[in-house]
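Colleague: Generate the whole structure from the sequences, applying the supplied hints.
Protein chains: 2
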Amino acid sequence: MILAALPGIPLVFPGDDLAVLILEGVERAGLVLQDGDLLVVTQKVVSKAEGRLVNLVEVDPSPEAIRLGEETNKDPRLVEVILNESRQVLRTREGVIIVEHRLGFVCANAGVDHSNVQDEGGQQGEWVAMLPQNPDASAQRLRERLQDATGAKIGVMIIDSHGRAWRLGTVGIAIGVAGFPALLDLRGRPDLFGDPLRSTQVGLADEVAASASILMGQADEGLPVIHIRGLPYAMREGTLREILRPRELDLFR
Amino acid sequence: MILAALPGIPLVFPGDDLAVLILEGVERAGLVLQDGDLLVVTQKVVSKAEGRLVNLVEVDPSPEAIRLGEETNKDPRLVEVILNESRQVLRTREGVIIVEHRLGFVCANAGVDHSNVQDEGGQQGEWVAMLPQNPDASAQRLRERLQDATGAKIGVMIIDSHGRAWRLGTVGIAIGVAGFPALLDLRGRPDLFGDPLRSTQVGLADEVAASASILMGQADEGLPVIHIRGLPYAMREGTLREILRPRELDLFR
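So the sequences go chain by chain: A and B.
According to the numbering used here, the stretch in the first sequence is residues 32 to 284, in order.
According to the numbering used here, the stretch in the second sequence is residues 32 to 284, in order.
Hint data in this document are derived by calculation from the structure and do not stem from the laboratory.
Among the clues, some could well be false.
Where chains are identical, the list cannot tell them apart; a pair therefore holds if satisfied intra-copy or between any two copies.
In silico lysine to any residue, SDA-like type, Cα no more than 20 angstroms apart, as pairs [claimed, not checked]: (1) Lys105 x Leu280; (2) Lys184 x Met266; (3) Lys184 x Ile33; (4) Lys184 x Arg278; (5) Lys105 x Thr231; (6) Lys105 x Leu282; (7) Lys184 x Leu64; (8) Lys184 x Leu87; (9) Lys184 x Ala50; (10) Lys184 x Glu157; (11) Lys184 x Val120; (12) Lys105 x Asp179; (13) Lys105 x Asp144; (14) Lys184 x Arg118; (15) Lys105 x Ala35.
Owing to the predicted nature of the structure, the values given are computational and were not obtained by experimental measurement.
Modeller: Here you go:
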């Protein structure tokens, strides 16, 4: 399995055509897309290209956001954006609000992050970026554009970096999937000695997201797209929803 | 970054010399180990080579194990082994006991798994495998053996597959680290626009564990060792302890 960061992808701005930037990066890398290739894109550039940005200067925090901002020592305008992106607040501590995101997963601060977008005057504003409105759909749109342009049957994943309940450090995690199995179901496949497997479902999309994240670095948008070749699993249609644990199976809410 | 499963590694049995099996696999793959290479080994073969096995036939369950076995519909002898490997039971449901493992991480069933070891008579016994006694030390021993044999300065990681609190499917996760940073601390490194980073610690060992896990498959021991070249981070001494979340920062216990 070979992973390579596409070189030379520029900073992305609202309205940019990400498919074109990716195709240019593929060419710059000397690659020709093949059936079964996977492109993994960080949500930061998808969100920016889609204009999923808010200038905090224009946000009027609700009383709930003001209260939660005091409790967590966070900017109440930022908290307002976080709450708008969330179904439910699960835990809080200094600087962190753990929520169930409107997309169904549990994460810190609803994936809302400061953005390096600049105001028109060239000043760095108080912009924050939200996750894409529908990352599965964003991945699918990119996939179709890239397939149309190249003729290759590929998968596209959009990833973010999340913390974990019991481990330090963030890891890359899938938030949108197209043309790729998010969850691999091995139930019933016998092991070497013919026993049916007990540990049966593999979070393949998250494993792949983590592997791509290694090459993206964390400091900037410098390497936002990773090309993966040689995945040992067949492509199929997929969606993030496969990998979200149903609430009734959640022991830690 | 290139990942390759070492081909032809045979089933491992107690007392086998894993370093020799890995070196043979490296040669079979046509590889020559280089400085900065990483070898990722599934705990299943480390545990077996180290004889970390119990035959349930010989286990006498405690009253606590019997009670918990009834509660979770699990074999009380298996529960006894799980409890012996655990500091604390955190949650239970049908078939699953979530514990704080004696090694400090939270996982299901204390990482105890059925094993395909056979009895001397050739019958498949009721053997289960526990995690290595000290996976950091196991990784370090393997590392020293491989370095002595090849002269290359490499890292070794031992990994397992764990479930997650809010996502379905298991992912590869580090349980032992030698010569490799488990946690990457980016605190204070400025982003593209000079702002100090907020999301600051990367669970690098777990990202790498997940990437290796993709190639191991899940069904057997067929591909228990993955060779990784081209990691974009400098090697250093490391330990699993870096990546364990301190109890006082745990919001979900």
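Colleague: For which of the previously enumerated hints does the structure constitute a violation, in increasing order of number?
Modeller: Violated hints (numbers, rising): 4, 8, 10, 11, 12, 14 and 15; every other hint is consistent with the structure.
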